[in-house]
Amino acid sequence: METILFWLCGALMVLGGVMTVTQRSAVISAVWLIFAFVCAAGIFAILDAPFVAIMQVLVYVGAIMVLFLFVIMMLQGPVLDNEKRRLLKLPLWPAVAIPPVAVLVLVGGWIRRTGTRDFGGTVPEGFGQPAAVAELLLGRYLLAFELVSIVLLVAIVGALAIGKEARKLPWK
Amino acid sequence: MPELGGAALWPYLIVGGGGLLVMVVDSFVRTLKKDHLSYLTMFVLIAAIAVQIAGETREGTVLHGMLVTGAYARFFNFLFAGIGVVTTIFAGGIFDRDGRHRPEVYPLLLFTVLGMMVLAAANDLMTLFLGLETMSLATYVLAGGVRGDVRSSEAGFKYLVLGGFSSAFLLMGMALLYGFAGDTGFAGISAAMTQGEPDTILVTLGMGLMLVGFGFKVALVPFHMWTPDVYDGAPAYITGFMATAVKAAGFAILLRWVVLMQPQLAFVWYPVLAVLAVLTMSVGNVVAIVQSNIKRMLAWSSIAHAGYLFLGLLALMSPARGGSDAMMRTREMGEAAGSGLLFYLIAYSVMNLAAFGVVNVLSSERGKEADDINRYAGLSRRRPVAAAVLAVALLSLAGIPPFVGFMAKFYVFAAVVRAGLVPLAIIGVINSLVSVYYYLRVIVVMYMNEPAEDSYDGTEWVSFVTAGALALLVIYLGVRPDAFHHAAEVVVRQLPF
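Quick note, the sequences are listed as chains A and B, same order. Per our numbering, the first sequence starts with residue 1, numbered consecutively. Per our numbering, the second sequence starts with residue 1, numbered consecutively.
In case anyone wonders, no lab produced these hints; they're calculated from the structure. Keep in mind the model is a prediction, meaning the values are calculated, not measured. Keep in mind that the hints are not guaranteed to be accurate.
Said to hold, decoys possible - Here are the simulated EDC-like pairs of lysine to aspartate or glutamate, each with C-alpha atoms no more than 20 Å apart in a straight line: (1) K164(A) to D26(B); (2) K368(B) to D454(B); (3) K368(B) to D457(B); (4) K368(B) to D229(B); (5) K368(B) to E453(B); (6) K368(B) to E154(B); (7) K164(A) to D149(B); (8) K368(B) to E460(B); (9) K164(A) to E154(B).
Said to hold, decoys possible - Not the full set, but computed from the structure, chain A residues with beta-carbon under 7 Å of chain B: (10) R140; (11) L142; (12) L143; (13) A144; (14) L147; (15) I150; (16) V151; (17) V154; (18) A155; (19) V157; (20) G158; (21) I162.
Said to hold, decoys possible - Derived Cβ-Cβ restraints for the label pairs, each shown as a range: (22) D48(A) to A191(B): 27 to 33 Å; (23) R58(B) to F145(A): 23 to 29 Å; (24) G5(B) to L47(A): 37 to 43 Å; (25) D48(A) to I46(B): 47 to 53 Å; (26) M73(A) to G60(B): 53 to 59 Å; (27) L67(A) to I46(B): 39 to 45 Å; (28) E489(B) to A134(A): 40 to 46 Å; (29) W93(A) to S292(B): 51 to 57 Å; (30) V272(B) to L106(A): 27 to 33 Å; (31) A134(A) to L20(B): 22 to 28 Å.
Positions of the beta carbon are idealized from the N, C-alpha and C atoms, including for glycine.
Using the sequences and the hints, build the whole thing.
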């Protein structure tokens with residue numbers, strides 16, 4: 001059952017990826033990318049990581065891709081001058097495609113030579129469940145969790161302070 | 001180490017909460033005068049110092065081993081909060097005079113101090129990185145946030161891009177170390193290092209990459225390129241803050257990290273680090289000679305001082321090991337080097353803040369920094385106190401005897417000689433002789449040349465008084481360094497060697 005699901009999700013994800021880069025319309029590309037993300041979430045779910053799967057759908061599909069779509073629709077497609085258009089027509093795909101294929105071949109060869117190893121035995125009870133993640137976030141990593149929020153706050157304040165003109169600042 | 005309760009967290013909570021409070025007060029309270037924000041910031045920092053004095057003094061870890069509190073963290077909390085107070089005074093002085101009002105400076109300053117405090121107390125790779133990033137992100141904005149000033153924007157942008165790059169190195173090194181130890185906690189890493197045969201490639205590479213990240217923060221020579229531009233472009237009060245507090249924070253974590261990694265680190269990277277320390281001192285001092293811009297000159301001199309500080313680290317980790325007798329000697333050497341390093345950080349902070357304080361006050365024209373050395377001509381006649389303060393600070397930076405810079409160099413070089421690294425000590429002394437030339441040149445211009453039409457002038461007396469007090473501290477600590485040095489010794493003794 002798991003194997004079937006894995007191959008199904010994997011094949012659909014590859015299909016989604018290929019469709020994303022081959023579509024002419026940016027909006028349709030984005031929709032295919034959403035499809036690929038959902039399939040990736042399925043693979044996370046198979047890998048005993050339901051929390052990551054949910055976050056994948058919520059954050060990538062729900063938030064980031066919607067933002068992408070908004071941007072694409074507002075810009076109404078990229079406006080390219082002739083110079084850039086000619087650059088796009090160059091056969092660039094080998095440069096993009098060869099490195100991942102090479103990595104796949106290398107890793108495949110390595111696995112064939114050494115055999116698959118059992119990394120770390122069985123998964124503990126409740127691994128990857130939201131409760132387990134929450135326990136880590138609010139337990140051992142509580143301080144790190146809070147510090148991240150300070151880092152983000154500093155980033156927001158900094159972006160506002162640098163990006164806006166003096167009289168438009170919200171605090172003056 | 002025992003796990004302590006939340007009481008040990010108070011200084012961190014006060015500084016972090018204070019940053020939020022200053023932001024909220026700034027946006028919602030409309031009836032405030034401009035300088036009230038700086039009073040509030042100072043109050044927060046002083047409250048943090050007071051809580052630190054009154055509060056938890058035991059050694060221990062907090063929040064599941066994420067932070068380690070105790071003498072070492074307290075020492076650096078005092079240092080960071082003290083530098084923060086002085087910076088707030090300098091910043092407040094210049095805002096009120098010419099309308100260069102930057103309210104975001106105060107919360108960002110507090111968050112920077114929080115990041116440094118976390119960094120100095122980090123006991124886990126997570127807190128180390130987050131502390132470092134809190135500090136760095138806020139300093140990028142502090143350096144680059146002067147609106148309408150192209151050089152400030154350039155400084156902020158360069159710092160951001162190169163800083164992000166160096167953080168990537170640090171993260172990669174941390175990932176490799178985690179992959180080796182299977183734990184992000186310092187305790188787990190050090191246990192994995194001492195148990196059995198360490199995976200040499202992972203550990204060596206990981207340590208090397210982390211050194212690149214730290215080296216960037218303290219401006220070690222191959223990673224120093226950002227320093228002159230950023231120190232030059234940022235406003236003088238921020239440059240003083242970066243040159244003292246950020247460097248101290250970098251060395252705070254470097255010292256603990258070196259102690260943690262000691263055997264392996266000394267074994268593999270020692271020769272490389274020795275070469276880098278020599279390069280750092282020499283390049284910093286030689287390039288400083290040709291500068292005509294005082295902020296750039298102080299930037300190169302701060303690179304050279306990073307080299308002297310690195311000598312102290314080298315003495316700390318010198319790979320002399322053997323029987324129990326040698327172990328005893330190593331421990332003693334390590335304590336001498338560590339306390340020398342901490343004393344150097346205090347001394348360096350005090351004298352550098354005094355120098356930048358004077359530069360800051362003289363930057364009175366709107367948007368113009370007082371950075372041309374030739375326009376300091378005749379300062380001794382126009383503003384005798386300012387000239388005297390700057391002269392004391394520069395002589396101390398050069399390491400001339402009655403001032404604290406001499407004692408600091410003495411402690412560090414003595415530890416280096418004790419560790420058997422005589423050639424390094426000789427190179428260090430030669431370097432500090434070279435440095436006398438460019439420090440003295442400013443003094444010559446101030447005292448020997450006639451004041452010209454375009455000479456700098458400044459009248460903001462609160463900053464003058466603060467810089468003057470720092471200069472008095474430079475003299476006092478140079479004459480009576482024993483109390484502070486003893487405190488540094490006590491702090492270092494708490495570190496596990």
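* Hints that the structure is at odds with (numbers, increasing) -> Nothing - there is no hint that the structure violates, so all of them hold.
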